[in-house]
Amino acid sequence: MDPEKILWSDTSWYAERFEKSAAALVAVGQTVAGDTAAETAEFQRLFTFVAEASPEHFAKLWNDPMAYYWVRRAVHFLAAVRGAPLGRIEVAYCAYTGAAGPLEALRIHLADFSRFALALAILSGRELAFAEPYTTALPLALPGTQLVVGGSGRLSIHGVTTSYIDATYKGECIKLPIADDAPSASTPHIAPCPFVDLEGMRILLNPALFRLPGIGLSSEWTEPASDFQKLHSGALIDALSLVSSFQPQSIAQFQQGLRSLALKPMREGTFSSLSSSELPGAFICSVPCDRYELAATLIHEFHHNRLFHIEENGAFFEEGGEDPIDGENHYSPWRDGPRPLHGLFHALYVYLPVFRFWSAVVCRGELAGIQLAYAKDQLGRIPFQLRIGVNQLRRHARFTSFGSLLFEQMAAETIAAERQACALGISLDLPATSLRANGTLRSVVGGTDARELTIGETLRDHLEKADRLGECEQERQLLDCQLRSGHTPRR
Amino acid sequence: MDKGAAQSLKAIATCRKSEIDRILNGIRGISGCALWTSTMRPSMRKDDPPEDEEN
Chain A
750 MDPEKILWSD TSWYAERFEK SAAALVAVGQ TVAGDTAAET AEFQRLFTFV AEASPEHFAK
810 LWNDPMAYYW VRRAVHFLAA VRGAPLGRIE VAYCAYTGAA GPLEALRIHL ADFSRFALAL
870 AILSGRELAF AEPYTTALPL ALPGTQLVVG GSGRLSIHGV TTSYIDATYK GECIKLPIAD
930 DAPSASTPHI APCPFVDLEG MRILLNPALF RLPGIGLSSE WTEPASDFQK LHSGALIDAL
990 SLVSSFQPQS IAQFQQGLRS LALKPMREGT FSSLSSSELP GAFICSVPCD RYELAATLIH
1050 EFHHNRLFHI EENGAFFEEG GEDPIDGENH YSPWRDGPRP LHGLFHALYV YLPVFRFWSA
1110 VVCRGELAGI QLAYAKDQLG RIPFQLRIGV NQLRRHARFT SFGSLLFEQM AAETIAAERQ
1170 ACALGISLDL PATSLRANGT LRSVVGGTDA RELTIGETLR DHLEKADRLG ECEQERQLLD
1230 CQLRSGHTPR R
Chain B
2 MDKGAAQSLK AIATCRKSEI DRILNGIRGI SGCALWTSTM RPSMRKDDPP EDEEN
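Line order of the protein sequences matches chains A and B. Heads up, the first sequence is in this note's numbering, so the first residue is 750 and it goes up one at a time. Heads up, the second sequence is in this note's numbering, so the first residue is 2 and it goes up one at a time.
No lab work stands behind these hints, which were simulated from the structure alone. Glycine included, each C-beta is placed from N, C-alpha and C at the ideal position. Please note that the accuracy of each hint is not assured.
As the list claims (entries may be wrong) - Rough simulated footprint, nothing fancy, chain B against chain A, three-plus residues with beta-carbon under 8 Å: (1) 811-825; (2) 916-924; (3) 1021-1032; (4) 1081-1091; (5) 1179-1188.
With the rest of the complex left out, here is chain A (with noise of 0.2 Å):
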């Protein structure tokens, strides 16, 4: 296995997934075929509609970011109504709906498969009229589709023809056109949701995508309506165009691993960018924003998604040691709480081609002023922060065969990237500058005389605050080394 292609340039893992998930779809479909209770029989009903789809409908369907959010849940709670223990989602999921058990949860959840039946329908022009209305909240996002049936409450949907979808709403018989020419925003309406379109790719603005119950989000942002994505899709179209010039090898794969994305304003939420490994083919991420940090984080975010492709294959981690996901013990110089390893590991790995990025821009010396300082920034910090990330792990992962492999290929890549950095003359004494929540860059500024820092002194303040435990001695000792001869410090 050649370490460097599986990091990326390998684009078999998209489809892997999406197979992977189909597969799941028909274990989900057997299952429930044995089940003889009247309740399952509309589902069952409903997955033959599906298998007998064509595979160009079945492949836009299923490669939606839902379909893979939905098999999942479907395979978890089919074994815990086995006895199995619930997940952390699905226990959010029972909270959620309501569900007194994985039972009643599964029931739910099987009836939510008509989302799926309904959008294939209207894929293929074929009518299709359900035995149970399937009773949904709005927004409800149609997977595979750029559609949005859009308003506010619950829409008991009947069926759907090849021009409209029959449904009651409020107790009244309604019937919503798909080509919608003039949707009211008020009632319910089917429209299509904003798209970007760059070089035969389309990417879908879709915040309603994440309304899934379970997923955990609803808590952490208010869903930005439709028009902020018409808004700031310019911006969007900007920065994408930018990671096309710096980085066509990531926009190449952006046409294979991302659907959807939703914009949301920097200051709204508990995050600046999200991806979920539930949803694998859409992130969210934060405007107004510098445009080249946009790139950046577009970068970041997709990065994230590719590596959950990958991780679907084989653990990163062997078993038995400390948790690698929900055990948040280690300093990690990119956040202020302290990250379990496998967010370590991630964040190594999505630093790696945000730093290349911002080498090739710093390169074609296009930038002047805040933003080439920020350019810099990123150049002195994230090669610092790399090999913190590096000495992290190795000092307490224990990684599998296929973990040590990729790992080693990234450590590999840090010393290059810290090598780098040096070519392009940059140090940790340039002054530090940051993005603030309305999008622009400023210096960053401390101490009591209210200075501008440098690099090396905002990654001291971050050691000396979020490293509670001391396990960055080393690097710390380093910097200080620094500060006070007014050298960058080397490995």
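Given chain A, put chain B in place with the hints provided.
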């Protein structure tokens, strides 16, 4: 998405039979059969928002 991925569910049911059996065994709780990839547990990657202090 990856255009090479276009396959019907019936075709995948045939060509991925061993994977389907593995998932079925996981659902049935057969010893040693992980429900999904063993450590492929749900994981959210989110980044802190920038600070808003003035210079």
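Hint check:
With 5 residues bearing a CB less than 8 Å from a CB of chain B, the segment 811-825 of chain A meets the requirement of three and the coverage assertion stands. Coverage of a stretch by a chain is defined here by at least three residues with a beta carbon nearer than 8 Å to that chain's beta carbons; for the segment 916-924 of chain A and chain B the count is 0, and the condition is violated. Taking a C-beta to C-beta cut-off of 8 Å, the segment 1021-1032 of chain A contributes 8 residues in contact with chain B, enough for the three needed, and the coverage statement holds. Note: the segment 1081-1091 of chain A has 4 residues with beta-carbon separation from chain B under 8 Å; the three-residue rule is met and the coverage holds.
Figure legend: the segment 1179-1188 of chain A, annotated as covered by chain B; annotation consistent (5 residues with Cβ-Cβ distances under 8 Å, at least 3 required).
The earlier numbered hint that this structure contradicts is number 2, and it is the only one.
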